[in-house]
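Given chain B, work out where chain S should sit, using these hints.
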Amino acid sequence: MESEAFWLYDLVGEDIAFWIGYLTNGKHLNWYASFRFTIMAAVFGAILALVFGLLGAMAKASRFAPLRAVGSVYVGMVRGIPDVLFFLFFPLAFEQAVEWVLAMQVCTPESIAATQAKWPPCREANWLLTTNQYLILACVSLGIIYGAFTANVIHGAMRAVPKGQLEAARAYGMSDFQVLTRIHVRQMWVYALPGLSNVWMLLIKATSLLSLLQVADIVWWAGQLGSPNFLPQAGLVHGDWRWAYYIALFVFYILVTLLSEKAFNRLNLWARRGMPEEG
Amino acid sequence: MKKALIAAAALAALTSAAHAQDTLRVGTEGAYAPWNFVNDSGELAGYEIDLANALCEHTGMTCEIVQNDWDSIIPNLVAGNYDVIMAGMSITDERLETINFTQDYFPVDPSKYIVTAGTEVDFDNMSGMRIGVQGNTIQAAFVEENFADGNTVVSFATFDQSIADLAAGNVDVVLADGSSLEPVVENSGGALEFVGEDVAVGGGVGGGVRKEDTELLATLDEALTALKADGTVDALRAEWFDGVEAAYTE
Numbered sequence: 001m002e003s004e005a006f007w008l009y010d011l012v013g014e015d016i017a018f019w020i021g022y023l024t025n026g027k028h029l030n031w032y033a034s035f036r037f038t039i040m041a042a043v044f045g046a047i048l049a050l051v052f053g054l055l056g057a058m059a060k061a062s063r064f065a066p067l068r069a070v071g072s073v074y075v076g077m078v079r080g081i082p083d084v085l086f087f088l089f090f091p092l093a094f095e096q097a098v099e100w101v102l103a104m105q106v107c108t109p110e111s112i113a114a115t116q117a118k119w120p121p122c123r124e125a126n127w128l129l130t131t132n133q134y135l136i137l138a139c140v141s142l143g144i145i146y147g148a149f150t151a152n153v154i155h156g157a158m159r160a161v162p163k164g165q166l167e168a169a170r171a172y173g174m175s176d177f178q179v180l181t182r183i184h185v186r187q188m189w190v191y192a193l194p195g196l197s198n199v200w201m202l203l204i205k206a207t208s209l210l211s212l213l214q215v216a217d218i219v220w221w222a223g224q225l226g227s228p229n230f231l232p233q234a235g236l237v238h239g240d241w242r243w244a245y246y247i248a249l250f251v252f253y254i255l256v257t258l259l260s261e262k263a264f265n266r267l268n269l270w271a272r273r274g275m276p277e278e279g
Numbered sequence: 001m002k003k004a005l006i007a008a009a010a011l012a013a014l015t016s017a018a019h020a021q022d023t024l025r026v027g028t029e030g031a032y033a034p035w036n037f038v039n040d041s042g043e044l045a046g047y048e049i050d051l052a053n054a055l056c057e058h059t060g061m062t063c064e065i066v067q068n069d070w071d072s073i074i075p076n077l078v079a080g081n082y083d084v085i086m087a088g089m090s091i092t093d094e095r096l097e098t099i100n101f102t103q104d105y106f107p108v109d110p111s112k113y114i115v116t117a118g119t120e121v122d123f124d125n126m127s128g129m130r131i132g133v134q135g136n137t138i139q140a141a142f143v144e145e146n147f148a149d150g151n152t153v154v155s156f157a158t159f160d161q162s163i164a165d166l167a168a169g170n171v172d173v174v175l176a177d178g179s180s181l182e183p184v185v186e187n188s189g190g191a192l193e194f195v196g197e198d199v200a201v202g203g204g205v206g207g208g209v210r211k212e213d214t215e216l217l218a219t220l221d222e223a224l225t226a227l228k229a230d231g232t233v234d235a236l237r238a239e240w241f242d243g244v245e246a247a248y249t250e
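So the protein sequences, as listed, match chains B and S.
If you read the first sequence in this note's numbering, its first letter stands for residue 1, the second for the next number, and so on.
If you read the second sequence in this note's numbering, its first letter stands for residue 1, the second for the next number, and so on.
Mixed in with the good hints there might be a few duds.
To be verified - With beta-carbon atoms standing in for the labels, derived distance ranges:
#: 1; chain 1: S; residue 1: D71; chain 2: B; residue 2: L85; range: 17 to 23 Å
#: 2; chain 1: S; residue 1: G243; chain 2: B; residue 2: E261; range: 57 to 63 Å
#: 3; chain 1: S; residue 1: S72; chain 2: B; residue 2: F35; range: 37 to 43 Å
#: 4; chain 1: S; residue 1: S72; chain 2: B; residue 2: M77; range: 25 to 31 Å
Hint data in this document are derived by calculation from the structure and do not stem from the laboratory.
C-beta: ideal position from N, C-alpha, C; glycine also.
Isolated chain B (complex conformation) (with noise of 0.2 Å):
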């Protein structure tokens, strides 16, 4: 251990290897490890915003009242309320609704009495969830809130289709089902990937609400990292070195969108494969 911090001060000079070695403790790997949680949070909840998507858009045009009914209070409403406190609703809610089952089935009348908080109703049923837990419903309250927006462009971008194409299709005597699959569907995704890029940007920066939901993130790590330290038994003692954090996640997020874009060109391009040039 001696020997090789040796060899890297002789390579690069003591300040850098002093940096080095602070940017590489147990506290800062515990950051760099969070990188997953958000970079599973933006997959994840990407993939089932556009299945709620899909399933929202299926509903509004439906030929069915109810569905129909259903598809637009759920792109109506949700699209209507702040991603912060839907965040925060959600999973509370799925908890909630989780003890209040459980709460039916394991408590006795004396459990229930022998508890002094007033939820859960009693000690067996409280369900502590575990960061993964928290995780998944971040991933399912992104998919929602998201999938309410990606609902809305998908809606827009089937009806962008031009009827002809559609008329046409039935014309050469393609059933209903080959018309969806071979030539809307088909079409609808040159009319949607602009707006789903717009929906994925949004969905990226959501996932910096992580740490509201008590999941240790890039965040709340950079938080932890930055905030002063007097105690030399705590780590190095500095001051308040939180800025510093933040850019990092700045350019973290910055990179990502650039890389995104890049992405969607090229899926653009893709989806477009044999159809006439624009303009």
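Below, chain S without anything else, positioned relative to chain B:
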């Protein structure tokens, strides 16, 4: 999916109930050096972490330390997320209405005022001052009661944040536990200093347990008595707090 989740939760609840005697879940803030904090290795450390482990060793239980924000630390104890709070919490009458406390494991710790060097504070006619405290603490209650008229009380979520804002000039004076402020003043290189007289509030620091857990309370009290008698508690205090005197051994 939902059924599986419910079943998993039920299983978790049942197993945790069955092992309630074997495992001691300790709730702590993890942001209050040197009492409890996350060290550079990314692990929880501090006086109360060492003390919790000593308690577990003495009673033969397995310690599981849970980090929880200060603001919700009492509600989450009552809800059953952990069994005992060890988070530098002073024993007060107000808190005793909601939870029980073990005997203290740190005697009354006088609160102190800290300012940026050279700031004068006239404690008899304080007015127009911005006073920083950590929210939901004995100091917050004290300041609200004594200085709320004519001054602005600024409440912070963590202790560190109150000091950072003092250093940045966002508040004029901070009132906090002397034991946490000592290393701050010592390591500030003269930038921060104590002012005025110490304030005696609170009644020592103890572990908070649910009111219905009388058995656990008795076990912890018994263990604390033993660890005080054999000098463990004072040794840990000396290790984590510079210059404190032995309080529980002669």
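Here is how each hint holds up against the structure:
Evaluation of the 17 to 23 Å hint for D71/S and L85/B yields a pass: the beta carbon distance comes to about 19 Å. For the pair G243/S and E261/B, the supplied restraint of 57 to 63 Å holds, since their beta-carbon distance comes to about 58 Å. Between S72/S and F35/B, the C-beta spacing of about 26 Å breaks the proposed range 37 to 43 Å. Distance hint check: the CB atoms of S72/S and M77/B are about 29 Å apart, consistent with the given range 25 to 31 Å.
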